Amino acid sequence: MSGASQASQSIAARRGAAPHTSMFLRMLVRAAVLRRGRAASALLAMVVAAAVATAMMNLYVDVQAKLRKEFRSYGANVIVVGRNGASLPSDALTKAEALLGGRAVTVPFAYVVARTAAGQSVVVSGTDFERVQKLDRWWSVSAWPSGPHEALVGMRAVPVVSPDGKPFDLSFQGHTIHVSIAGTLQTGAAEDSRLYLPMTDFVAWSGVQPSTIEIGVNGTSDDVNAAVSGLAEALPSAEVRPVRQIVEGEARVLGKTRATLYAAAILIVLTAALCVLATLTGWVFDRRRDFAIMKALGASERLVCGFFAAEAAALGVVGAILGFVIGIGIAAWIGRVNFNAPVVPRFSVLPVVLAGSVAVALLSAIVPMSLLRRVQPAIILKGE
Amino acid sequence: MFPRLLYESFRRQKRRKLLAAIAITLGVAIATAMIAVATDIGDKINRELRSYGANLLVTPQEDTIDVEIGGVNLKPPSDGNFLSETDLPKIKGTFWRHNILGFSPMLPVSVPVSATGRSQDVTLLGTYFAKNLIFGKDHFTTGVLNTHSWWRVDGSWPADSSEDVLVGEHVARKLQLGVGEKVAIAGQLRTVAGILSTGGAEDDQIVAPLHVAQAILGKPDAVRRVYVSALTKPEDALARRDPKTMSGELWDRWYCSPYVQSIAYQLQEAIPHSHAEQIRQVAQNEGTVLSRIKGLMLLITLAALFASALAVSAAMATAIFERRREVGLMKALGAGNFAVAALFFAESALLALLGGGTGFLAGAWLAHRIGRSIFDSNISIQPILFPVIMAIAVIVTFAGSAAAIRRAVQFDPVFALRGDA
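Just so you know, the protein sequences line up as chains W and F, in that order.
Take 147 as the starting number for the first sequence in our numbering and just add one per residue.
Take -3 as the starting number for the second sequence in our numbering and just add one per residue.
In case anyone wonders, no lab produced these hints; they're calculated from the structure.
Not one of these hints is a red herring.
Computed list of lysine-lysine pairs in DSS-like fashion (alpha-carbon distance at most 30 Å, straight line):
1. LYS241(W) x LYS170(F)
2. LYS215(W) x LYS229(F)
3. LYS290(F) x LYS215(W)
4. LYS133(F) x LYS215(F)
5. LYS229(F) x LYS280(W)
6. LYS240(F) x LYS312(W)
7. LYS86(F) x LYS229(F)
8. LYS10(F) x LYS528(W)
9. LYS212(W) x LYS229(F)
10. LYS241(W) x LYS212(W)
11. LYS13(F) x LYS528(W)
12. LYS312(W) x LYS71(F)
13. LYS290(F) x LYS212(W)
14. LYS290(F) x LYS280(W)
15. LYS178(F) x LYS215(F)
16. LYS178(F) x LYS71(F)
Quick partial rundown of chain F residues pointing at chain W, CB under 8 Å, derived from the structure:
17. GLY23
18. ILE26
19. SER47
20. GLU64
21. GLN280
22. GLU318
23. ILE370
On a predicted model such as this, the values are computed, not experimentally measured, just so you know.
Quick reminder that beta carbons are idealized off the backbone N, C-alpha and C, glycines included.
For reference, chain W alone in the conformation it holds in the complex (with noise of 0.2 Å):
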């Protein structure tokens, strides 16, 4: 007996002690301890969910930004020249670089036609090799020059200027150089044709400056364009022109696999949402017990609806915000995997995928509380 009364007596203290907190949130509350499986069935579908959704939205963004760092090894993407074959004015690479700062890597190139000992004429270009080797990484070079008159030489070019590979004289309108070979150039194309030097070598030994500048500029086709056009109005002398082959190639590509991504984003999310839709309908339609005691205790129709739609919209939140921790692991797994780089997690998803959630759930909760209300409680109880 006693025990029996110091138990009441217990409930009772627990009851005062315990904060006051409306029958409305008691209710959430134990409605989610006590149905633990079923509840966490339901929010692990959300939570898959909403991960799925965080993760494609975050690599949707990210992932054009990483693939056109990848599009930049194929090179320059904007070209300046000087009008028919001029030298560019002394401080068009300056300017240049003043322009785009940290965006974009330039490389100065200048040309002559020299003559070799026996005669031969050959393209000779000066040119900076430490800015070479950050845009043109195709070029295959077995050393790259490192002191002064060591040259570049393109593997047509080598048995041409010094098949033996000894030091040896290139003369460009009287003056004479004396080069080595560091290395070997092969590329392919026209520049396995010529001779690379050091630019000072170069301008010290013809008296020709730069009359053309390769620019890999970083960024959309918009930022493309804007350089361009800044450089354009900077250097009004020189001809800048976009390099079609390589802008309309990175364009097209990265449509197609940004069209891909989307498709395939969309289709995940849809089928991620639905799969939610389906479950949580089943585990508020199996709750339709509870539903019509509440209405039998004398809740009004209001109440009711409230506290299952309150239910569907607490899971909606707890869902989306584990969802999305995990959404933006995934994602920076996906990063570190394929592109050697973490995505960066974009807080702005959040609200989206928040709102999305609760939305989805919400959604799922009307449809079979819309059937419920038509029927009398009295009949769902009995069991029908």
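Place chain F on chain W using the hints.
Structure of chain F alone, referenced to chain W:
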């Protein structure tokens, strides 16, 4: 008794079964579509990458070096060796002929050009635009329209048999030439079919049918170089090895893989006295871009598969959870755990097969739509995919049901019937 139970279960619980079946159908459809797209995307993107232009260059074997700056070749036009135009169709006779999407021969010559009282020395480039060629019984069309897709023409492309020319936009501006006007090239009047804009060296040139350039040079059949656009496989360790050091079996494998190197080798075999080289700017970067996009789709497919598996599992778990009372009743009537589990698994299997079948069809249709709308070509679905997908559907459905079935079977019938679960 068992088939009747199964049948009645489906007949009486149409709504619940439908929901579960929908979940499975959707899951399988997305899996099928994603797998189909992911397996085909490599080929599709590879074709798109061809818009970067030719990836192989064929030149005469013993050629003098080019003296070329900004697209203007200072080498005397008749200097060096030439390829023979009659050998070109043999390109379509090589082992990987179906991978060769097109080729364009080029023959630059330097010519005096005059129009509207101005005259100038210009490089005239002879090439194919869209030439019909025959090799054996194969008819095919090739030319710059295939290999240089970024060339734009204001006006019309000349026919390969005509004497009409395209004039680069810079030349046209200098000589004040318009479409349909006449221009004197090496003393002969030709019609300007169109103004060419390429964003490259051709803007300062005149492009004409190959035979026009050959006539000016006085060397019929001569071709300076050939640009070849081929679908290739990304380079790997085997591709980079020197074929001369390979043993017989390895060499066969190298020769029969569409590496850019092996296609170059085969081009050299097909065209006498030629040297074929990959254009590294195009060929080397293709592999990276392709593998990135392929990898991306593969990972997304994995994530999609995982998500649809979880969604199907969740749907199945809910569907079975709802039926504890039924389990209680069956057990109260004397059914063993095994009989109950067997019934549920049979239902799951049936649902998986139904949903899987519909889902596969829906997925195939989706993949087809994606291929049509994005790549303008079909995405092929390998028949082998069907059993694989069905097996996955059954396994995922079973896995999703297993935990719920075990819990349902373990319930005390009394509690289950009272509804206190």
